[in-house]
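Student: Sequence:
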Amino acid sequence: MRHNKKFNHLSRKKGHRDAMMANMTISLIMHKRIFTTLAKAKALRVYAEPIINRAKTDDTASRRVVFSYLQNKQAVSILFNEIAQKIADRPGGYTRILKMGNRLGDNAKTCFIELVDYNEALLAEKKDNAKKATRRSRRSSGKKAAAPQQEAPVQEAAE
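Going by the numbering used here, the first residue of the sequence shown is number 1, and it counts up by one from there.
These are computed hints drawn from the structure, not numbers from a lab.
Ideal Cβ placement from N, Cα and C applies to all residues, glycine included.
Errors might be hidden in some of the hints.
[To be verified] Each computed DSSO-like pair below joins lysine-lysine, with the alpha-carbon atoms no more than 30 Å apart:
#	residue 1	residue 2
1	K5	K109
2	K109	K131
3	K32	K14
4	K14	K109
5	K99	K127
6	K127	K73
7	K99	K126
8	K14	K42
9	K6	K32
10	K6	K126
11	K42	K109
12	K14	K99
[Stated by the list, open to error] Using C-beta positions, here's what the derived DEER-type ranges look like:
#	residue 1	residue 2	range
13	Y118	D59	19 to 27 Å
14	R139	S11	55 to 63 Å
15	R135	F7	43 to 51 Å
16	K126	G92	29 to 37 Å
17	A121	M1	26 to 34 Å
18	K86	A61	29 to 37 Å
19	D117	R139	49 to 57 Å
20	K5	E49	31 to 39 Å
21	R139	N107	49 to 57 Å
22	M1	V65	46 to 54 Å
23	H9	K126	31 to 39 Å
24	G15	A121	16 to 24 Å
Starting from the given sequences, assemble the full structure and let the hints guide the process.
Tutor: Here it is as structure tokens:
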């Protein structure tokens, strides 16, 4: 029976699946964004977010636990030195999945999975929206209604 076994097996055995998730997590940490299928991205999010969350506490035990999953010294050092500082105040949701469409060869759904705090385009857009946050009412202002009335007498004087 499959009681309480809800994760996606991705048509792979456990060893292959664990190696693939570790490699994809290392690539995500190193490159901040990777292009993959939607099913793999959803499985990667479940695998990577607890590892990223572990990096909030920088002690020997946390580093050893993360290294036991990733087996890559460079990725662990980037995770604890760079990424942990950016996600220190975030309570969760460290990754974002952006759907891209279907792949031409096999029509698989593809997407980007990226670290949330590293998307410069969305961060710049968010800053621009913060600057443009002026309140405007739906009512028409009195100045616009008064302007056409002032123009009418000027045209009569010209005639």
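Student: Run every hint past the structure and note whether it holds.
Tutor: The hints, checked one at a time:
Simply put, K5 and K109 have alpha-carbon atoms about 24 Å apart, close enough for the 30 Å limit, and the pair holds. A hinted pair counts as satisfied when its Cα atoms are at most 30 Å apart, and K109 with K131 does not qualify at roughly 36 Å. Restraint check: the Cα-Cα separation between K32 and K14 comes to about 26 Å, which is no more than 30 Å; the hinted pair holds. Between K14 and K109 the CA atoms are separated by roughly 23 Å; this keeps the pair inside 30 Å, and the hint holds.
Under the criterion of a C-alpha separation no larger than 30 Å, the hint pairing K99 with K127 is consistent with the structure, at around 24 Å. Restraint check for K127 and K73: not satisfied, since their Cα atoms lie roughly 35 Å apart, outside the 30 Å limit. Taking the CA atoms of K99 and K126, the gap is near 20 Å; set against the 30 Å cutoff, the hint holds. Straight-line distance between C-alpha atoms of K14 and K42 comes to about 17 Å, which keeps the hinted pair within the 30 Å bound.
For the suggested pair K6 and K32, the alpha carbons sit about 27 Å apart, so the restraint of at most 30 Å is met. Between the alpha carbons of K6 and K126 the distance comes to roughly 36 Å, so the proposed pair goes past 30 Å and is violated. Between K42 and K109, the direct Cα distance comes to roughly 12 Å. Compliance with the 30 Å bound is thereby established for this hinted pair. Between K14 and K99 the CA atoms are separated by roughly 27 Å; this keeps the pair inside 30 Å, and the hint holds.
Our hint of 19 to 27 Å for Y118 and D59 holds, since their Cβ atoms are close to 24 Å apart. Taking the beta carbon of each, R139 and S11 are about 60 Å apart, inside 55 to 63 Å as hinted. At roughly 46 Å, the beta-carbon separation of R135 and F7 lies within the given 43 to 51 Å, and the hint holds. Our hint of 29 to 37 Å for K126 and G92 is violated, since their Cβ atoms are close to 19 Å apart.
Distance hint check for A121 and M1: the Cβ-Cβ separation is about 46 Å, which falls outside the suggested range of 26 to 34 Å. The hint said 29 to 37 Å for the Cβ distance between K86 and A61, and at roughly 22 Å that hint is violated. For D117 paired with R139, a C-beta distance near 40 Å fails the hint of 49 to 57 Å. Checked against the hint of 31 to 39 Å, the pair K5 and E49 fails, with Cβ atoms roughly 19 Å apart.
Look at R139 against N107: about 51 Å separates their beta carbons, and that is inside 49 to 57 Å. Hint check: M1 to V65, Cβ distance near 31 Å, so the stated range 46 to 54 Å is violated. A hinted range of 31 to 39 Å holds for the C-beta pair H9 and K126, which are about 37 Å apart. At about 38 Å, the CB distance of G15 to A121 disagrees with the hint of 16 to 24 Å.
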